[in-house]
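*Asks:* The primary structure of each chain is shown beneath.
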Amino acid sequence: MSAEVLWRPVRELGELLRSRKVRAVELAELYLDRLERIGPRYNAVVTVMRDHALGQARRADAEIASGRWRGPLHGIPYGAKDLLATAGAPTTWGAAPYREQHFDFDATVIRKLEVAGAVLCAKLAMIELAGGMGYRQPNASFTGPCINPWAPDAWSGGSSSGSGAAVASGLVPFAIGSETWGSILSPAGYCGLAGLRPTYGRVSRHGAMALCWTLDKLGPMARGADDCALVLAAMAGKDPRDESTASETFTWSAAPARPARARLAVPKGCTEKVQPPVRENFEKALEVLAPIATITRDVEWPDFPWGPAVGTIVNAEGATAFYELLDSGKVTELTCPADKSGGYSGLLTPAVDYLQAMRLRRPMKRAVAKVFESYEAVISPTRATVAYPADKNFGDAYPGISGGPALIPAGNLCGLPALAMPNGYGDNGLPTSFALMGPAFSEKRLAEVGAWYQRQTDWHLRRPPDA
Amino acid sequence: MADTPDPETEVLFEIIRQRYAARLTAEQLDELRKIIDGQVKAARALRAVRLTNADEPSQRFEPLTLPSPEGGRGGGLA
Chain U
2 MSAEVLWRPV RELGELLRSR KVRAVELAEL YLDRLERIGP RYNAVVTVMR
52 DHALGQARRA DAEIASGRWR GPLHGIPYGA KDLLATAGAP TTWGAAPYRE
102 QHFDFDATVI RKLEVAGAVL CAKLAMIELA GGMGYRQPNA SFTGPCINPW
152 APDAWSGGSS SGSGAAVASG LVPFAIGSET WGSILSPAGY CGLAGLRPTY
202 GRVSRHGAMA LCWTLDKLGP MARGADDCAL VLAAMAGKDP RDESTASETF
252 TWSAAPARPA RARLAVPKGC TEKVQPPVRE NFEKALEVLA PIATITRDVE
302 WPDFPWGPAV GTIVNAEGAT AFYELLDSGK VTELTCPADK SGGYSGLLTP
352 AVDYLQAMRL RRPMKRAVAK VFESYEAVIS PTRATVAYPA DKNFGDAYPG
402 ISGGPALIPA GNLCGLPALA MPNGYGDNGL PTSFALMGPA FSEKRLAEVG
452 AWYQRQTDWH LRRPPDA
Chain F
-1 MADTPDPETE VLFEIIRQRY AARLTAEQLD ELRKIIDGQV KAARALRAVR
49 LTNADEPSQR FEPLTLPSPE GGRGGGLA
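Chains as they are written, first to last, in this note's numbering: chain U, 2 to 468; chain F, -1 to 76.
A couple of the hints might just be wrong.
Straight-line distance between alpha carbons at most 25 Å, and here's what the computed SDA-like set of lysine to any residue pairs gives [as the list claims (entries may be wrong)]: (1) U:K371 <-> F:N51; (2) U:K341 <-> U:K274; (3) U:K366 <-> U:F442; (4) U:K274 <-> U:Y426; (5) U:K371 <-> F:R45; (6) U:K269 <-> F:V47; (7) U:K285 <-> U:K445; (8) U:K239 <-> F:P65; (9) U:K393 <-> U:K239; (10) U:K366 <-> F:S56; (11) U:K269 <-> U:D304; (12) U:K113 <-> U:S245; (13) U:K239 <-> U:K366; (14) F:K32 <-> U:A398; (15) F:K39 <-> U:L216; (16) U:K274 <-> F:I13; (17) F:K32 <-> U:D328; (18) F:K32 <-> U:I402; (19) U:K371 <-> F:A43; (20) U:K331 <-> F:A20.
No lab work stands behind these hints, which were simulated from the structure alone.
Modelling step: build the complete structure from the supplied sequences, incorporating the hints.
*Replies:* So, in structure tokens, the structure goes:
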């Protein structure tokens, strides 16, 4: 079997498996070999689950041979951010104090993907504690800074760092990431991937490390929007073990050949101070979308203290979730210097300030709802820059660059879905990206528009030079 | 001219110093003072937004319910 198969979209891999042109065991072996051989180059992998994966793959082959096809993920290998509990491997949360942590159960997402027939091959690297202690540099995980497959001196983004690097370098066809405050969109953008942050409550958080109970979300990262939607359909759903989960269902068969015309808003100021290639590639993406979208520019984005609100909530909930780590002093075992002490400040968040931030989320949602009365989605560059250098503090990387309205904090505070997609290359040959953000439970519409865009472009089909 | 320390920052920082100074270096304490100063400024930005008495936090508390003998939710404590 040619190694070319490694770069096929999930949907095509699923068809090859269903038609038995490819065996799940063969496919798993190919990816496992890459995870073991190439994974260390990117610091992308914590644990390769060879035996577990081959067991699942053998079952998939037997079931498919007997006519029991579970669906498009049956036999498809994947990797999970190492904050999802798995009974068969350590779950480290990317943090040295938890290197030996084991759970005796699988997170709901892992269980649901197993029901869909997917093959868990690896636990993937992440920023320690998903960045909850205030990291300021890429080297913030006991596995080292995660390297961007597109440039060896660049970071893959965080906190779903390994999920981004692993998919971009063809170590797995899709991965699961998590987002509290940008941790799916950022690595997807930096690594040239599609990353789908679901609506809060769309996907069960049971068995996932808690950083912020009111912000944490789990979502797929893959090369295509269509793949992300296929994976989300398997992950989503009500879960009695997570009372925040919603009863809305998400199904996805295939994107329409031509979606209904979309009304898209470009927030005012979202490209003013971004890197020039980010702006140019964004403008080209708007041109590509023009046949299926009515695009309105300079739409006023509601004026709220988005950053202070999300920061206050992350501080308070994160410090509470990791109170024992902080109070015991074991936090000093973390890797990033800022993480060894930064979390203490969260312990001082007054309850009134936390509640004030939580109260603000209601008028914030009302104001954003007004925007969505006129537009189906907001479109903007995912990030103002290409990926940060792997060896610099974030604050020193790109002075003077900023992204305008705080869309990532706003989207997370309001619990909204967003889809990042690659749209070209910028400085240092690194990917640039744009993002669509819609109202709650609009993932299907975002994926339809995203899949159409990707049928007109080939950014998602390109491969990093040395991968 | 050096900035005048924010009194609110200093008060909060003193709590950290009292609780955890023994395990933190001078450099880490300095860094924490800056982080706390940022938090104080963030809190002021939050408080500057006018809210009414009716604006509740965006989180839901659910009361204890027990299954009724007939099935489904109901009852509460007897």
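*Asks:* Look at each hint and say if it fits the structure.
*Replies:* Hint check results:
Restraint check for U:K371 and F:N51: the C-alpha separation of about 22 Å stays at or below 25 Å, so the hint holds. Straight-line distance between C-alpha atoms of U:K341 and U:K274 comes to about 33 Å, which puts the hinted pair past the 25 Å bound. A threshold of 25 Å between alpha carbons decides the hint, and for U:K366 with U:F442 the separation of about 14 Å falls inside it, so the pair holds. Restraint check: the Cα-Cα separation between U:K274 and U:Y426 comes to about 17 Å, which is no more than 25 Å; the hinted pair holds.
Under the criterion of a C-alpha separation no larger than 25 Å, the hint pairing U:K371 with F:R45 is consistent with the structure, at around 23 Å. For a cut-off of 25 Å, the pair hint linking U:K269 to F:V47 stands: about 22 Å separates their Cα positions. A C-alpha spacing of about 24 Å is found between U:K285 and U:K445, which places the hinted pair at or below 25 Å, so the restraint holds. Between the alpha carbons of U:K239 and F:P65 the distance comes to roughly 20 Å, so the proposed pair stays at or under 25 Å and holds.
Taking the CA atoms of U:K393 and U:K239, the gap is about 42 Å. The hint is violated against a cut of 25 Å. For a cut-off of 25 Å, the pair hint linking U:K366 to F:S56 stands: about 10 Å separates their Cα positions. This hinted pair checks out: U:K269 and U:D304 have alpha carbons roughly 12 Å apart, not beyond 25 Å. Restraint check: the Cα-Cα separation between U:K113 and U:S245 comes to about 17 Å, which is no more than 25 Å; the hinted pair holds.
For the proposed pair U:K239 and U:K366, the alpha carbon gap of about 23 Å is at most 25 Å, so the pair holds. Pair hint F:K32 plus U:A398 holds up; C-alpha atoms about 20 Å apart against a cutoff of 25 Å. At roughly 22 Å between alpha-carbon atoms, F:K39 and U:L216 fall within 25 Å of each other, so this suggested pair holds. Proposed proximity of U:K274 and F:I13 is contradicted: the alpha carbons are some 39 Å apart, above 25 Å.
The straight-line distance between the Cα atoms of F:K32 and U:D328 is roughly 20 Å, inside the 25 Å bound, and the hint therefore holds. The hinted pair formed by F:K32 and U:I402 meets the criterion: a straight-line CA distance of about 22 Å does not exceed 25 Å. Simply put, U:K371 and F:A43 have alpha-carbon atoms about 23 Å apart, close enough for the 25 Å limit, and the pair holds. Straight-line distance between C-alpha atoms of U:K331 and F:A20 comes to about 14 Å, which keeps the hinted pair within the 25 Å bound.
Hints 2, 9 and 16, counting from the list given before, are not met by this structure.
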